[in-house]
Amino acid sequence: MKKQIDNLTRSTLNILIGGEAGQGLVTVGQLLAKSLVRSGYSIVVTQSYQSRIRGGHNTFAIRVGAGEVTAPTDTVDLLIAFDRETVTLHRKDLSSRGIILFDEAFGIDGDSFLKVPLKDLAQGRFLNIAALGVVCSLLALNQGLVADAVDDLFGKKDESLATENRRVLRAASTWGGTQAISSYKLPAVTNPAQRLMMNGNEAIALGALSAGVRFYSFYPMTPSTSIGLNLAAQARKMGLVVEQAEDEIAAINMAVGASFAGAPSMVATSGGGFALMVEGISLAAMTETPLVVVVAQRPGPATGLPTRTAQADLEFILYSGHGEFPRAVFTPGTAEECFHLTRRAFELAERYQGPMFVLTDQFLADSYRAVMPFELENLAPVKVAPEGIASSPYLRYARTESGVSPRLVPGMSEHLVVADSDEHTEDGHLTEDLSVSRQMVEKRLKKGEGIRTEVILPTIDGEAKPDLLLVSWGSNKGAVQEVAIRMNSGGEKVATIHFSQVWPLVPEHFMDHFESALEVVCIEGNALGQLARLIRRETGFHIKKKVLRYDGLPMTPDSILRELNR
Amino acid sequence: MVRIEDFGNYETAWCPGCGNFSILTAVKQALVDSQLKLHELLFISGIGQAAKAPHYLNANVFNGLHGRSLPVATGAKLANPNLNVIAESGDGCIYGEGGNHFLAAIRRNIDVTLLVHNNQVYGLTKGQASPTTAEGFVTKAQPEGVPSAPFNPIEVAVAMRTSFVARGFAGMIEHLSELIQHGIAHRGFALIDVLQPCVSFNKVNTFAWYQQRCDTLPPEYDPTDWEAAIKVASEWGDRIPIGIIYRNDRQTFEDHFPVLDQGALVGRDTDRAMLKKIMQGYG
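Going down the list, the protein sequences come from chains F and E.
Residue 508 in the numbering used here is what sits at position 508 of the first sequence, and the numbering runs on without skipping anything.
Residue 582 in the numbering used here is what sits at position 16 of the second sequence, and the numbering runs on without skipping anything.
Since the hints were made in silico from the structure, they are not lab data.
It is possible that part of the hints are untrue.
[Claimed, not checked] Computed far set for chain E versus chain F, every beta-carbon distance over 12 Å:
#	residue
1	Tyr622
2	Asn648
3	Arg753
[Unchecked claim] Below are the DSS-like pairs computed for lysine-lysine, each with C-alpha atoms no more than 27 Å apart in a straight line:
#	chain 1	residue 1	chain 2	residue 2
4	F	Lys544	F	Lys493
5	F	Lys544	F	Lys465
6	F	Lys115	F	Lys92
7	F	Lys185	F	Lys92
8	E	Lys842	F	Lys157
9	F	Lys237	E	Lys843
10	E	Lys842	F	Lys237
11	F	Lys383	E	Lys843
12	E	Lys769	E	Lys706
13	F	Lys383	F	Lys465
14	F	Lys115	F	Lys157
15	F	Lys157	E	Lys706
16	F	Lys383	E	Lys692
We put the CB at the ideal spot given by N, CA and C, even for glycine.
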């Protein structure tokens, strides 16, 4: 078994770039990652940073492979140190073949060290580019392709800068070629398919654009902010309004107002910001206004660890908003799922007229992946208020079989549209007629039955009667997949079940698998086992063993295997 | 164009003698005089007795949360700038719970007309102090008298160069109706603070109290003179000036968004070719 595990981990390479905030390590990381993706490799990026603008210790890790890479890993094969602290902190993580690449000016020495004359190569100015050149040459990446990635990022407008960058890259590459280190050459990918490099937040923004988002309001909060930045960059071209609101309460109420008036709308935030939005969630539910809500989790309570990752807000999202109303909670595990499930959330929000959730976390939000381009031709935007025909006088909350009332938007016809956060009659006006109230509660909940018929099935891999069934949701998907592959290749019988939608839970979708497994283990990024608790509440099935991580870092296959005592 | 009878007649949840009745009458008259189409009119309100007002006339209505009418109005106006959007709520809702949104709406200068029913007390929750209640005013919640100084919305609005600032009195329906009409016609954010008695919970600022003090600004008063306006805005005592106190022609919020040049965001097609290009940008 050991040997096979080694084979799998050996077929990938983990590159960790470390340094202070402000040293440009993210730039080098992005350029290297882009060069790898364009060369046809699969990547998983893990960004770890501190809540500060300069200084501190940040890392940008790229796990790369010619085959599919699905998860980050703990051991480091190539450590690129922009400061001494990086060497001190991560030396212990080096794999048996690992080396540390650092500036010779640090004046430290030892085994596995590759001292680079960065200042000479960079002529004192382009240290990052020099480091990039050396690494790319060790990895045997095509130099022209790397240079193009640099040009794409910095632009070709400044001809002298572009020339200088290329010169430094060439010098660094030549120097790297003289080092006779061949163990990092990646197997070449022949005729690589064109792929995109995208992190979870970018995929969510693109998914929203493809769904026809017309209004996005937000208050900046790590790790959700870049969704808004990506949308703002395309707002003019794609015909949407992006507004930075005065607070999260305003953000969600604006989105509700825009959606009521007919613009497909989305908000994104993280735990504390979402706490402020919660009354607005209830408002969207009561007024039956479509709304997509993205929550990128970070550890709490309160301000918690602002730049780290967690899966600790599942229960919060499930129960957010006073009163009883239906919802769907999507928990993407990959960048592709971020794209598709955001679209799905828009579709459900329009179809069932209420708030729908996409729950991610810092790890996935910031994690760049290589993804196949989406087939946009087949992905239609949502249709707003598609029912069109309505009775006269128009009843915004007409009671129907499905609980879904024909929706009109104000100003687009002669019909008047009345919506109310108070309990209301079918025409939308507030009422204290308690028999009406009962009917309206039932009408709203009825929509939940429709949502339930459209639940995305959990992904089940492996044999039907495994010795061990691993349960995951959200960003742990890839780590759990790799654990199963590694254990199965060691002769064990392991299956996995992944929930990309955790609510509604439909027991028929998974209970057979739970009951036929010898042991079920739930793997979550929180301290209480929130999905396990939800499953027990809904099915009575008690998942006794859990692998829980709540130190702010993402799950890795090794960390799961350690907890499983394997 | 809308006629008075198009608004219908509704039974209300207001106390007999409430200032809200006159405000509702003035609003209807202003809408008729503005020659608007009923279906292009959208009322957004919050929570409180004043916030129920839009339920008592035929129009598009979104009756949202306490304090949050302005963000909803902002979102709706951006989604469809063709709508005439009127936000209507009480002093507690707008100046208290929604204070931050009030300041932000002024800064944005969104083309929304804001009607604030200001009776200097919380009515629906039975008589606690509001942001505009006078210092020392005794309530069951403030038995030693209100310990905070009152918020002067007009003074704040003029100081922030709100593009239209007016104060009316529910006891002068025609005058109020004209103010509302001007507010609707104004391009940009228009605040109309309406003084009104609360017959149930404010025994100090009564109808007679307001009537003795409310004084219309003289015809020669120039509301574009900011320094004069600041002086008028700070007046609150034996004389309370009413009328259009300040206005300017600031650029509206919507004008900052080129994407709105083509009008409403509603019903637009998604540019699939552009989307594909954006996606390829990640390659």
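Now the hints, each set against the structure:
no. : hint                : verdict
1   : Tyr622              : 9 Å, violated
2   : Asn648              : 6 Å, violated
3   : Arg753              : 18 Å, holds
4   : F:Lys544 - F:Lys493 : 19 Å, holds
5   : F:Lys544 - F:Lys465 : 18 Å, holds
6   : F:Lys115 - F:Lys92  : 18 Å, holds
7   : F:Lys185 - F:Lys92  : 23 Å, holds
8   : E:Lys842 - F:Lys157 : 24 Å, holds
9   : F:Lys237 - E:Lys843 : 11 Å, holds
10  : E:Lys842 - F:Lys237 : 12 Å, holds
11  : F:Lys383 - E:Lys843 : 23 Å, holds
12  : E:Lys769 - E:Lys706 : 13 Å, holds
13  : F:Lys383 - F:Lys465 : 43 Å, violated
14  : F:Lys115 - F:Lys157 : 34 Å, violated
15  : F:Lys157 - E:Lys706 : 70 Å, violated
16  : F:Lys383 - E:Lys692 : 45 Å, violated
Figure legend: structure checked against the earlier numbered hints; hints not met, in rising order: 1, 2, 13, 14, 15, 16.
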